[in-house]
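Asker: Residue strings, one per chain:
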Amino acid sequence: MNIFKVARSIVTGMGITLKYFLNHKKTLCTIQYPREKDLIPARHRGIHYLETEKCVMCWKCSDICPVDCIYIEGVRGADGPLPGGYRGQKATLSKFTVDYTVCIFCGLCEEPCPPKCIWLGPEFDYHSTDRTMMEKNLLTDEVYTESDEVFVEWARGENDRLQEEKKKKKEAEKAAKAAEKAAAAAAEAEKTTEEAPADAGEQGPDSEGEAAE
Amino acid sequence: MNLAVFTTFLGQAGQAIEEKVIEKGIVDFAADYSTKWDGGGEGGLFLAGAVRWLVETYTVPDWVPLSSVINGTLGAETFPELGGLLITIGMVFGFVNIFAIGAVWSERKVSAHMQCRLGPMEVGPHGLLQTVADGLKLLTKEDIIPRLADKTLFAIAPAVVFAGVLMRFVPLPFGDQLIASDLDLGLFFVAAVGAVEVLGVIMAGWASNNKWSLFATIRTATQMVSYEIPIGIAFVTVILCCGSFSLVDVVNMQGGTLTDIDGEAHNGWAWHWNLFRNPFMLILAITYFIASLAECKRAPFDLPEAESELVSGFHTEYTGMRFALFFLAEYAAMYLVAAVAVVLFLGGWWSGIYWVDEIGMGTDTWLASWLDGVLGPTLTAVLGVLIKVKVFLTKAFILVFIQMWVRWTLPRVRLDQMMYVCWKVLLPASLVCLIGSCLWELATGGASFFGFGIVVK
Amino acid sequence: MTEAKIRTEEMLLNMGPQHPSTHGVFRVVVRTDGELILESQSHIGYLHRCFEKCAEGNNYLQVVPYTDRMDYLCAMMNNWGYAASIEKLTGIEVPERAEYIRVIVAELNRVASHLLAFGTYGLDIGAITPFLYAFRDRERILKIFEKLCGQRLNYSYVRIGGVTFDMTDEILSDIEAFCDYFDPKIIDEYDNLLSYNGIFISRTANVGVIPADLAISYGVTGPSLRGSGVPRDLRRDAPYGIYDRLEFDVPVGSGEMGQVGDCWDRYMVRMREMRQSIRLVRQAIKDIPDGPFCDKKAFRGVKPKAGETYKKVEGARGEVGFYVVSDGTNIPYRVKARAPSFCNISILDKLTSMSDVMLADLVAIIGSLDIVLGEVDR
Numbered sequence: 001m002n003i004f005k006v007a008r009s010i011v012t013g014m015g016i017t018l019k020y021f022l023n024h025k026k027t028l029c030t031i032q033y034p035r036e037k038d039l040i041p042a043r044h045r046g047i048h049y050l051e052t053e054k055c056v057m058c059w060k061c062s063d064i065c066p067v068d069c070i071y072i073e074g075v076r077g078a079d080g081p082l083p084g085g086y087r088g089q090k091a092t093l094s095k096f097t098v099d100y101t102v103c104i105f106c107g108l109c110e111e112p113c114p115p116k117c118i119w120l121g122p123e124f125d126y127h128s129t130d131r132t133m134m135e136k137n138l139l140t141d142e143v144y145t146e147s148d149e150v151f152v153e154w155a156r157g158e159n160d161r162l163q164e165e166k167k168k169k170k171e172a173e174k175a176a177k178a179a180e181k182a183a184a185a186a187a188e189a190e191k192t193t194e195e196a197p198a199d200a201g202e203q204g205p206d207s208e209g210e211a212a213e
Numbered sequence: 001m002n003l004a005v006f007t008t009f010l011g012q013a014g015q016a017i018e019e020k021v022i023e024k025g026i027v028d029f030a031a032d033y034s035t036k037w038d039g040g041g042e043g044g045l046f047l048a049g050a051v052r053w054l055v056e057t058y059t060v061p062d063w064v065p066l067s068s069v070i071n072g073t074l075g076a077e078t079f080p081e082l083g084g085l086l087i088t089i090g091m092v093f094g095f096v097n098i099f100a101i102g103a104v105w106s107e108r109k110v111s112a113h114m115q116c117r118l119g120p121m122e123v124g125p126h127g128l129l130q131t132v133a134d135g136l137k138l139l140t141k142e143d144i145i146p147r148l149a150d151k152t153l154f155a156i157a158p159a160v161v162f163a164g165v166l167m168r169f170v171p172l173p174f175g176d177q178l179i180a181s182d183l184d185l186g187l188f189f190v191a192a193v194g195a196v197e198v199l200g201v202i203m204a205g206w207a208s209n210n211k212w213s214l215f216a217t218i219r220t221a222t223q224m225v226s227y228e229i230p231i232g233i234a235f236v237t238v239i240l241c242c243g244s245f246s247l248v249d250v251v252n253m254q255g256g257t258l259t260d261i262d263g264e265a266h267n268g269w270a271w272h273w274n275l276f277r278n279p280f281m282l283i284l285a286i287t288y289f290i291a292s293l294a295e296c297k298r299a300p301f302d303l304p305e306a307e308s309e310l311v312s313g314f315h316t317e318y319t320g321m322r323f324a325l326f327f328l329a330e331y332a333a334m335y336l337v338a339a340v341a342v343v344l345f346l347g348g349w350w351s352g353i354y355w356v357d358e359i360g361m362g363t364d365t366w367l368a369s370w371l372d373g374v375l376g377p378t379l380t381a382v383l384g385v386l387i388k389v390k391v392f393l394t395k396a397f398i399l400v401f402i403q404m405w406v407r408w409t410l411p412r413v414r415l416d417q418m419m420y421v422c423w424k425v426l427l428p429a430s431l432v433c434l435i436g437s438c439l440w441e442l443a444t445g446g447a448s449f450f451g452f453g454i455v456v457k
Numbered sequence: 001m002t003e004a005k006i007r008t009e010e011m012l013l014n015m016g017p018q019h020p021s022t023h024g025v026f027r028v029v030v031r032t033d034g035e036l037i038l039e040s041q042s043h044i045g046y047l048h049r050c051f052e053k054c055a056e057g058n059n060y061l062q063v064v065p066y067t068d069r070m071d072y073l074c075a076m077m078n079n080w081g082y083a084a085s086i087e088k089l090t091g092i093e094v095p096e097r098a099e100y101i102r103v104i105v106a107e108l109n110r111v112a113s114h115l116l117a118f119g120t121y122g123l124d125i126g127a128i129t130p131f132l133y134a135f136r137d138r139e140r141i142l143k144i145f146e147k148l149c150g151q152r153l154n155y156s157y158v159r160i161g162g163v164t165f166d167m168t169d170e171i172l173s174d175i176e177a178f179c180d181y182f183d184p185k186i187i188d189e190y191d192n193l194l195s196y197n198g199i200f201i202s203r204t205a206n207v208g209v210i211p212a213d214l215a216i217s218y219g220v221t222g223p224s225l226r227g228s229g230v231p232r233d234l235r236r237d238a239p240y241g242i243y244d245r246l247e248f249d250v251p252v253g254s255g256e257m258g259q260v261g262d263c264w265d266r267y268m269v270r271m272r273e274m275r276q277s278i279r280l281v282r283q284a285i286k287d288i289p290d291g292p293f294c295d296k297k298a299f300r301g302v303k304p305k306a307g308e309t310y311k312k313v314e315g316a317r318g319e320v321g322f323y324v325v326s327d328g329t330n331i332p333y334r335v336k337a338r339a340p341s342f343c344n345i346s347i348l349d350k351l352t353s354m355s356d357v358m359l360a361d362l363v364a365i366i367g368s369l370d371i372v373l374g375e376v377d378r
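These protein sequence lines are chains F, C and S, in that order.
Under this note's numbering, the first residue of the first sequence is numbered 1, with each subsequent residue one higher.
Under this note's numbering, the first residue of the second sequence is numbered 1, with each subsequent residue one higher.
Under this note's numbering, the first residue of the third sequence is numbered 1, with each subsequent residue one higher.
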């Protein structure tokens, strides 16, 4: 290998990188992701959406699904709403979930749907700390399963119970000191404990959404 | 480090200050301390003496926390020796760390801009503090030592590597007389202590008990030992031409006011740099630069840590601060080889423009005297020092940038090709340069600029 | 000390399944003597997902998304191969417009796949910057695909009886713009930066030489075969779709920098194929007719008569073949896929034993074969 040829090729290559280095403002091709976002095309196959009132509960989408990730439960043609059910045109759905640990976003479920009520939307960034929470309830558009809601309910109850216990303990202590002051302090504690977690939960996602805009 | 230069200016130009402020005289006082130790102008000692003079003259006021301790320590007899050493070490160490942090950031930015990216942007303006954040993260990480590793060697290897690099900073100047210690055998020291780093890398790779690390170790040993030779020959050639092992002498041969063989003084310009001394020096500078890339394990000679072949090479098993030490050592070595190249070939702290070089040197050039008139002698002297530091660092940083530029452009060579480049290209080339330079020096009588010896009186 | 007293040992080195340069979960156990490799033993199967068994449990339509996951870097060709074999089995006529769209997307996908091969090959050799340039340009293709069919990798776009979405004029102009942008890039940047770089040539030329007869006997196909100088390209030799109407060259390795069939030749065939693909895309865009883009009836589901068929198409890595047996129901009785990467990687052990190969060369050879482990293991 000719040494001068090698040297020339090295210099040529270094010229290219230097050109990029000097013009880096023009050649930039990345975006600062969480702050800037790319345009999502209309045909993008992201997470599912369901127009509940149109659904006739034909199971065609769950039939065609190659990985069987769509779960539907309900009553077809029932008159009144079931307890906790969602009333559509011709069916009452009690469950319509997609398991995103399984879904492959092939888009096959869109086509056979007679009223075209299930479609894959533009959203793609979803996450959870738990596999069980990757199941999205298309009826409420919340990424919670029923069991998770039960769990959340239980957790809420448990939390309340613990708070109650704490309060009682405090009350008992204070009652020993002064019975009059104890009642006022307990009312205060009740107020603050109820408000604080609710506030934190609401503000989080909102402020993020604004930043993204 | 060495404040001798500051005080020289104070002595030379700042008569008024000397009379007014310096009763006993900071210069004398500090010089007392430095001569006390080994009779040389040791920078750290000098600084310690100056600090002590300040404290003795204007004691630390009582409202300052720990004032009695400070006054007591600085007043103690042992302070100059101990304090001088600590200050010198602290300044070298501080420079290495700050440089490494800056270099990691700039490497990420350089690579990003070459690759149409932005690089770190989140921590601080333009991600300036990203490296600091990474350093903090590494500090807090768990220090994992593999179960079957040789624990002692594994633990001390990063320290050995880092110490090996840090020691080489001792004879390295940062500006005119700003040097930790102007060793008589400076270049020899730089070359010799470099071997300590190889030892540390071998220790790390061997102790990790990882086959990939072992591969990296063998590669490192092969590579670093081989590339010592072209580097050594480059040193020898420069030493032959300049007649001194001292890095300060080598720089002083290349600029400022030069003295001819017949004792006549003339002005130092850019063409007096070793790079332009003779045509062989030009080639030698290139061979030295290529060899220095291999010496500090940079692409295209990054075989010891070839991430696509050996996962991460000798530091595969390292985590946390031990890994960070390897990282620091790598970047410190980058600066080191660049700075040595600047000393050897690029005229050190001399900017190559005579008038700029002579600012604050006490000579009577038009620029210096004009600045004297405008700023006064003391400030001119300080300005001169700052310009020299700036010039030196700028040259070194340009070479560091070239190292980065090469890394983000070129593929990696293979082991046998690496050896080929060393033994069949660089070694013959540098040997030819050595002999050629000797003959050239004989023929031209050591005249500068390829023997034309352009002299501006 | 004499040489005999220095005892050296061979070392058994386990490369993978987690290694930066095995392009996935591929494991090679190598016996090394220093840097030299004496023998290597490939182990595959870490990514086995039972594609063929899955295909026996799903109907013909539902198999299409599974074919995406085989070679996820050029899913269009897998889709096409499967769709073409079912079309052959059932005798479905594909609309003219769909055939043109198929050529456009397949060739664009080939460019995207070769770009990735180029980038990761640079990465294997140690050059990091070409990788990012390649990904920058690949990103444009992926954006076009996202606009066209909503996905960036697993398209499921080419389906039995046509394609799922119609090509709009906007997307066509996007593709044209991409062709204009990309065509000069190959020579201006990629070739100057990597292909003709001295260090790169010295790393790849004369390394991993596959002689033509060996390549054929191991069933190597695609750019790896053409790199050995065998001008075999299904698009020209056994035209499917509308390839017989289009003009293009089949680049083959000529041993420019070393021997015929070395890593550089295989690499360079890919670089030259990208230009041919752009040429094909341009022709297809020029001639694309109006009309339906799919056979609506076939889209609802197919039920072929009992029988069997084999159809192969030219993928980015070689011949993608699907052997389908039907028993007359709407579920295939058997689907067998011929994965080019699987055949290409089989030659690796032979190559390491044939000549002196160093550890760094092994990385270069694996990279030049351009395997996708999703396809090797299926």
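Take these hints with a grain of salt, some might be off.
Unchecked claim - A few chain C residues that don't get close to chain F, going by computed Cβ distances all over 12 Å: (1) 93; (2) 102; (3) 118; (4) 134; (5) 167; (6) 182; (7) 258; (8) 373; (9) 404; (10) 411; (11) 434.
What the hints assert, rightly or not - Computed from the model, here is a short list of chain S residues facing chain F with C-beta under 8 Å: (12) 150; (13) 330; (14) 334.
These aren't lab readings, by the way, just hints derived from the structure by calculation.
A virtual CB, placed ideally from N, CA and C, is assigned to each residue, including glycine.
Asker: Determine for every hint whether it applies to the structure shown.
Answerer: To see whether the hints hold, each was checked on the structure:
no., hint, result
1, 93, "holds, 31 Å"
2, 102, "holds, 18 Å"
3, 118, "violated, 6 Å"
4, 134, "holds, 19 Å"
5, 167, "holds, 33 Å"
6, 182, "holds, 36 Å"
7, 258, "holds, 34 Å"
8, 373, "holds, 41 Å"
9, 404, "violated, 10 Å"
10, 411, "violated, 9 Å"
11, 434, "holds, 19 Å"
12, 150, "holds, 4 Å"
13, 330, "violated, 12 Å"
14, 334, "violated, 18 Å"
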